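When we follow this note's numbering, the leftmost residue of the sequence shown carries the number 63, and every step to the right adds one.
To be clear, the hints were calculated from the coordinates, so they are not data collected in a lab.
None of the values given here were measured: they were computed from a predicted structure.
Since no wrong hints were added, every one of them can be taken at face value.
Derived Cβ-Cβ restraints for the label pairs, each shown as a range: (1) D254 x S117: 16 to 26 Å; (2) D199 x D233: 14 to 24 Å; (3) P185 x G144: 21 to 31 Å; (4) D235 x G144: 41 to 51 Å; (5) P188 x A81: 29 to 39 Å; (6) G168 x L77: 21 to 31 Å; (7) G144 x D74: 35 to 45 Å; (8) D239 x P185: 21 to 31 Å; (9) R166 x L274: 31 to 41 Å; (10) R79 x P185: 34 to 44 Å.
In silico SDA-like cross-links for lysine to any residue, where the CA-CA straight-line distance does not exceed 25 Å: (11) K211 x R245; (12) K177 x R98; (13) K177 x R166; (14) K211 x E246; (15) K211 x I270; (16) K211 x T248; (17) K211 x I183; (18) K177 x E90; (19) K177 x D240; (20) K177 x P101; (21) K211 x T259; (22) K211 x G144; (23) K177 x S153; (24) K177 x Y207; (25) K177 x F100; (26) K211 x F112; (27) K177 x R205; (28) K211 x F257; (29) K177 x A158; (30) K177 x H187; (31) K211 x R201; (32) K211 x G145; (33) K211 x G243; (34) K211 x L274; (35) K211 x G255; (36) K177 x R97; (37) K211 x L250; (38) K211 x L110.
Just so you know, even glycine gets a beta-carbon here, dropped at the ideal spot from N, CA and C.
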Amino acid sequence: MHAVDIVNPAVDEYLRRVAPSGEGVPLEMERLADRRHFPIVGPLVGRLLFLLARSIGARDIFECGSGFGYSAYWFAQALPAGGRVILTEGSAENCASARGFLSRAGLMDRAAIEKGDALEILPRHPGPFDIIFCDIDKRDYPRVYPLMKPRLRAGGLFICDNMLWSGRVADADRQDDDTRGIRELTRLLYADGDFHTSIVPLRDGVSIGLRL
Numbered sequence: 063m064h065a066v067d068i069v070n071p072a073v074d075e076y077l078r079r080v081a082p083s084g085e086g087v088p089l090e091m092e093r094l095a096d097r098r099h100f101p102i103v104g105p106l107v108g109r110l111l112f113l114l115a116r117s118i119g120a121r122d123i124f125e126c127g128s129g130f131g132y133s134a135y136w137f138a139q140a141l142p143a144g145g146r147v148i149l150t151e152g153s154a155e156n157c158a159s160a161r162g163f164l165s166r167a168g169l170m171d172r173a174a175i176e177k178g179d180a181l182e183i184l185p186r187h188p189g190p191f192d193i194i195f196c197d198i199d200k201r202d203y204p205r206v207y208p209l210m211k212p213r214l215r216a217g218g219l220f221i222c223d224n225m226l227w228s229g230r231v232a233d234a235d236r237q238d239d240d241t242r243g244i245r246e247l248t249r250l251l252y253a254d255g256d257f258h259t260s261i262v263p264l265r266d267g268v269s270i271g272l273r274l
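Using the sequences and the accompanying hints, generate a full structural model.
Encoded structure:
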């Protein structure tokens, strides 16, 4: 089984067409991602992240893996005054880009950028967080789980991108570390009675786990 489009490309194009067109900073970020062939969640998932954050009244959000701040832009837009999203990113260049984009969007007062490994940074923050978002190397997804759980409040959301991995998770012959990492995190979440989890087949699959 080869990598596949999770959403029919025609449906994906329709959703992009009917959603309000991006402009300003998010459009700049999308164009940069295209030029660099850099993976971002994209505007359809971005709108979902905004909706989820706003719907639970999120004030404190932690991102495991932030790139140059695209998902953080959508989270920060949803936060009230005094809210904060913590970005983590190993690349100094991406951290600088994130700071520039969020500053131009007028959102740096709701953001804190920490350079380094999210798996080392998260333990330094006791929480509780309203949302923890995961978009690091997929082989490391299961390592986030025991760090995330005690830091997420009841009623909070654990959100992960790329959970369907272009269909590779459904291919029993795919046993690479990244695919196995996604499968293991999926197993952990569905087996945990402290979470109610669903995977939304939008873009490359977004899992949403509600902490009960």
